[in-house]
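In terms of my numbering, the sequence shown is residues 4 to 144.
Honestly, the hints are just simulated from the structure, not real lab data. Ideal placement from N, C-alpha and C gives every residue a C-beta, glycine not left out. Be aware that a few hints might be false.
Claimed, not checked - Label pairs and their calculated CB-CB ranges:
#1 K89 with L60: 14 to 24 Å
#2 H17 with G110: 34 to 44 Å
#3 G45 with K89: 14 to 24 Å
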Amino acid sequence: MSNWIRHTPRLTHHAALAVLHAAIEKSEQLGVAQNIAIVDEGGNLLAFIRMDGAKLLSRETAISKAISAASHRQPTAQLDPDLELKLAIAAGGRLTNLEGGQPLMIGNVCVGGIGVGSGTGQQDIEVAKAGAAILVEGVQA
4 MSNWIRHTPR LTHHAALAVL HAAIEKSEQL GVAQNIAIVD EGGNLLAFIR MDGAKLLSRE
64 TAISKAISAA SHRQPTAQLD PDLELKLAIA AGGRLTNLEG GQPLMIGNVC VGGIGVGSGT
124 GQQDIEVAKA GAAILVEGVQ A
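Required output: the full structure, derived from the provided sequences and hints.
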């Protein structure tokens with residue numbers, strides 16, 4: 004019976020907020036307002052902010068980036084560019100390979116994703132990485 008249940012780490016709302024705050028801090032350092040989304044391993048939205056001045060339409064792409072990073076367990080920029088349209092159609096517009104999505108990992112286990120949108124692709128990546136890094140630091144502390 005012990006093989007009937009799998010015990011895995013889960014992202015708490017406290018961790019999601021810590022990731023969000025770290026990403027906000029990085030956005031402010033870069034001087035760019037961002038939309039930032041944090042999802043759990045199932046793609047459920049745990050935390051979101053649209054910083055003052057962030058592009059309105061980037062709200063949805065930030066959420067899609069977070070879901071994509073969590074579901075593929077890799078940065079969205081590493082997803083095959085030839086699959087962009089197929090991903091979007093197959094998942095009802097919820098999967099993307101746009102830059103700015105990072106999986107949230109505890110060891111080898113993906114516990115969620117962070118998606119960032121409104122800056123350049125490189126800015127989005129930097130902010131997402133800063134958010135993801137705080138999770139690793141928090142677990143090691």
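- Broken hints, by number: Violated hint (a single one): 2; every other hint is consistent with the structure.
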